[in-house]
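Chains as they are written, first to last, in the UniProt record's numbering: chain A, 1 to 366; chain B, 1 to 475; chain C, 1 to 340.
Think of the hints as simulated: they come from the structure by calculation, not from any bench. Just so you know, these numbers come straight off a predicted model, no measurement behind them. Just so you know, even glycine gets a beta-carbon here, dropped at the ideal spot from N, CA and C. A hint or two may mislead.
[To be verified] What follows is a set of in silico ranges between Cβ atoms, one per label pair, in the way DEER data are often shown: (1) A:Ala328 / B:Glu15: 16 to 24 Å; (2) A:Arg232 / B:Arg311: 28 to 36 Å; (3) A:Arg233 / B:Gly141: 41 to 49 Å.
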Amino acid sequence: MNRLDALRGTTPPKPHDARAIAALAANPGCARRALLDGAGIDKDATARHLGFPAPFGQSPFAITRGNAFEALVKADGCAELLRMLREVLELPVAEVAYHDVENVGAHLRHTHTRALIDRAARDEHDSGTIYDHPLLGLEIAGHTAYLEPDVVAFQLGGRFHIVEIKSFAVIDGQADPAAVAAAARQAAVYVLALRRMLRELGHDPLRVAHDVVLVCPENFANRPVATLVDVRRQLAVLERQLSRMTGLDRLVEGLPEELTFDLLPGEDGLPTRPAAELADALRRTTARYAPDCLSTCDLCFFCRDEARQEGACDLLGRQVRDELGGVASAEEALGLADGSRAPAEGQEEIARLLRTAERLRRECLA
Amino acid sequence: MSLLTSLARLRALEEGIAQPIATVRHCHLAERPMVLIPLRMSGEAAAPLAALLGTRRDDPRLLVVTQPRNRDLRFAWAADLAAELLPYIGSFLAGTETVERKNSDPYERVLDAPQILVPNQAGIAFIRLLGRSTRFRRAHGPYPVPPTVPLLGRWLTYFGERATHPGSSLMTAVTEELGRHWASGQSGLEDANLAALTAWITTGPSDDAEDPLVWPPAGPATDPGFDAEVLAPAIEAGAAERITEALRGQLEPTWRLMWQAVDLLRELPEGASVEQRWEQDRGSFSAMAQHIAEGAPPQARRDGAVAAASRLARMERAQAAYEVQRAYDDPLVMAEYRLTGEAFAGEVVETEPEHSEGEGRSRKLRPLVVVKTDDPVRLAPGTALGTPQRRAQGAQLVEARDGLVTVKITKGMGRGKTPAPGSVPEVGERVCYTSLTDDFQGSPALPEAEATPWTHGGPPREYAPSDEDALEEWS
Amino acid sequence: MGDRLDDLERRIDELRAGVRRAMRARDTATARGLRADLRAAERAWDALVTGGLDPALPNDARAVPPPGDVRAVFPHDNARAVSPPEGPGRLAIPGEALGGVPVGGAPSSTAAAGGAAGRQPGAGGRRGGGGLRLVTVREQAHQALTLLGVPAQPRLIAAVREAFLGGGLRGAQLTSLRRDEERSFASSPYGRPYYLCAALTDRLSPARGLLAVSTWPQELRMVGPLSPRVHFLTCAVAVAERMAGGHGVDAEPDSGAARLLARMARNIPGGAVLDIGPPDPARVIEAARAELAVHAERDTRDRADLARRAAAQLGDRGRLFGAATLSTIGDRAATGPPAT
Ligand code: SF4
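Just chain A, with the same shape it has in the complex (with noise of 0.2 Å):
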């Protein structure tokens, strides 16, 4: 057993997806959550057996409109995508041959996905167009995690396009930056996943086009409408954080020996781990809490009570670490602040700001 298993223990491995890979972008520089993605660990889960359960939570309202929504998108042989293909990607008409890779058993379907896109890869011709429900692989630490983007849509010029389909609206040409972002993200662990497929098949990675086709509601109505969105930035940060935790081995490796973050599953698969002891071995591995987790990681509420206990600046976000510039916990700085604390080589400069700033709000608050 290597030692990210072990890491595990007997909990099972919680499988990736794509919106969990695509958060591993978001925070790279924290290590706890490089170890416990690396090792497969469910970290909800994790989270919820330590007491501090991630505030996430998905409406039923929202996920029937999405699925309604994606419903509609393909309903009809793909009609309406078929539509916006031919505007955005200006797809012939003869091209609309629809593969259900579905058809297969659930067994088969990675494999009949792989057939699908080398016979497409090969023969420009008569291979399709739209492959629907397709199962691409993607290898993260060792494990292989699989993935399901919504389409593949292949073009006549010999090019591969991830299609997302997304049930937020686009209106007047405008959509909330944030759900764009994120879905750019998830866009771009398909198209890695599927440019390596195409590289193991001995094909030109590059025929996997970058610009990914989002499929949105337009204004207020269910009509789908289709935008190109250029994935290469999330592409480049997927990418190093991946090739990050294939080096997840020095991680380890500064680990004790005995460490894990088992939760000893009983038989009715409930954790049998004491919780205060799940804990302190989380806290053997390093953070990186900022505001930011709250959205991106079930450990959040974890990670803030922590900087909280060690009054750390990280609480207050990016911009107050930043400001502060090497300074790491509340109390230094105040400390620097009033005066009671001397500076460290290195933090004369910022020492005077945090002074003249201390001075400052005293005299106006007088």
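Could you slot chains B and C with the ligand onto chain A? The hints should help.
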């Protein structure tokens, strides 16, 4: 965020209570604000679910779409909202004053204007979308809606856009305003939670603020757990009463917080320039009202290129003016500039009130003032200066050395041979000078660009709403 | 009454909080128990607050429509031409009146369908008219499929019914239909004049979410790579022809028929001039036929090849319901696109 604010946040973290970062209130606060808490149906772009609103804290009005998937009920809800908001807006149109302008016709400006308070930025964004989804509707033809609905849409669009104008108080998010006056010991991201921020300011941080069972979210998004466990079954059962009561339960805690926030802000004395910015708000509001009265079409779906550029320029000017005004109004804000060396404050140690320059008829009074300061002055000789203590005066930095700064008063001394009493600071007086200049102050009477007649500044792109706009689905 | 309401409200609040706390801790057993109590309390509250007026009658109270609630599903002449597929005795089962499925001894599915219909009171009767005949879900689907002439998804079948044949059918009611039909075929092959069966993929497995009619030739029940598009275009022609023949349920631009055609038209190159306004059926027919001409030859060839394979490799049941075993298709086949 400045280092000064960062320090305040650290202090808040240590002391467990929010710290002031302003000594005066920088926003207008109406006598009779309209508090409006909108809720949106999850998963939908702009489908309303409910709103709690009103101008009196003991008398909120609850509007609910009891069957959120029903389009007709959405329009009925919008009509109900119009029935609350339009009379409120209209009540300000009666009293006006005539404002004279240079190079232009005089115009009528309302004496007071409406103010809508929304919990957070997301609420404002939702109001803007509500405006967008209703302003093109028509009272006649296919899919007729009550005539008040498109009118409401135009007003909501207007308020939504005006909310992005720096320093405007016609519609503001109270979390933003609270955050401008207090630094909490949490991140800006978490400050968007009204319950959490109010707790920091009043009693200290509380984990309850993040528990949707104790403090339901202030909207427009509802708590997913509430959706799953309460709303969905009630909708499924078609239980209109139950939906209404459940939503009231989600909204009322926020209602109380909103008024608590109003109280907190009201305790602060109003900043000196607030009145002037409110005057601009009144001008802008008057122009919009006149626009509607003249039968102009609803706002375009998108700004044309020219309009967008001029809007951007206007916003930048407003932003700069807002920042300078706040610094002049509030020593704690000015302190940020003192920290960066763009301003300094201290005691006057020496004056030469009758110092003058030039000979004979061109001889002018140029008093010199020496200020002793501990501030790190980073201003070059010759820099033009202003001072909050004597806003009409202009000055110039002569030299700064060893904590002593010599300033020459160059503007606002009049024509006399000797300075008017009080126009030159006395020895021992505390003064503050800054390179932030207050150019905009020269034209406070000018109305907003929106109020400029269309004939000035080129013809705007006329937006002709199409049938498609009117028939657009609202699903 | 006020006191009782107050008590109930307090109890409902406690229960809700309890449920949500349990949900957050993923303690599903507790949550389930609390939820049942909560539903009961909510129903009691609904009943009390509406004072027996009944606008908010909980849905289980409506699961079985009262006898007088039987509504005409077919107010139109064209529909009357279709003869009832089953003996009249079957139609008297109350659970089937508004959409039961005659599956011969599958009470769970009848109850479910009846309950589903009950949740939409008035849906079946929106077109008004006196109660004339009762039509089962399978017959309703059969009529729509016959109109379209090619395999179709439940939602399209429902839309066609709503547009031309009288509404009341919802896509969700069709999801278990194919499995029921296969079971019926298995127990007595060819015991019915027609079956609603599967369309078969190039792997001879049932295509997901498509319904076909057993009396159609095998080629028509095969799905090649181009067939989804060909099906769509063919359906568009059928719908437009029906419209052109004046068969839309009403002439309003907002009628189901016009909306259906408009939605189809804008996805066919040259099918719609303007984005709004009623679509022109003749134009849609012309445009759809033009694109059909591009695909027809290859699609026909593909399907003929597939049909030959099906004939060679499959037995009777397989040819109708696909090569996979009952257990695999049961869950996936008729459920439409997955909920991802
Ligand atoms: S929440 Fe904790 S583990 Fe997750 S990324 Fe942030 S610091 Fe790392």
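So, going through the hints one by one against the coordinates:
| no. | hint | in the structure |
| --- | --- | --- |
| 1 | A:Ala328 / B:Glu15: 16 to 24 Å | holds, 19 Å |
| 2 | A:Arg232 / B:Arg311: 28 to 36 Å | holds, 31 Å |
| 3 | A:Arg233 / B:Gly141: 41 to 49 Å | holds, 47 Å |
Every hint, counting from the list given before, is met by this structure.
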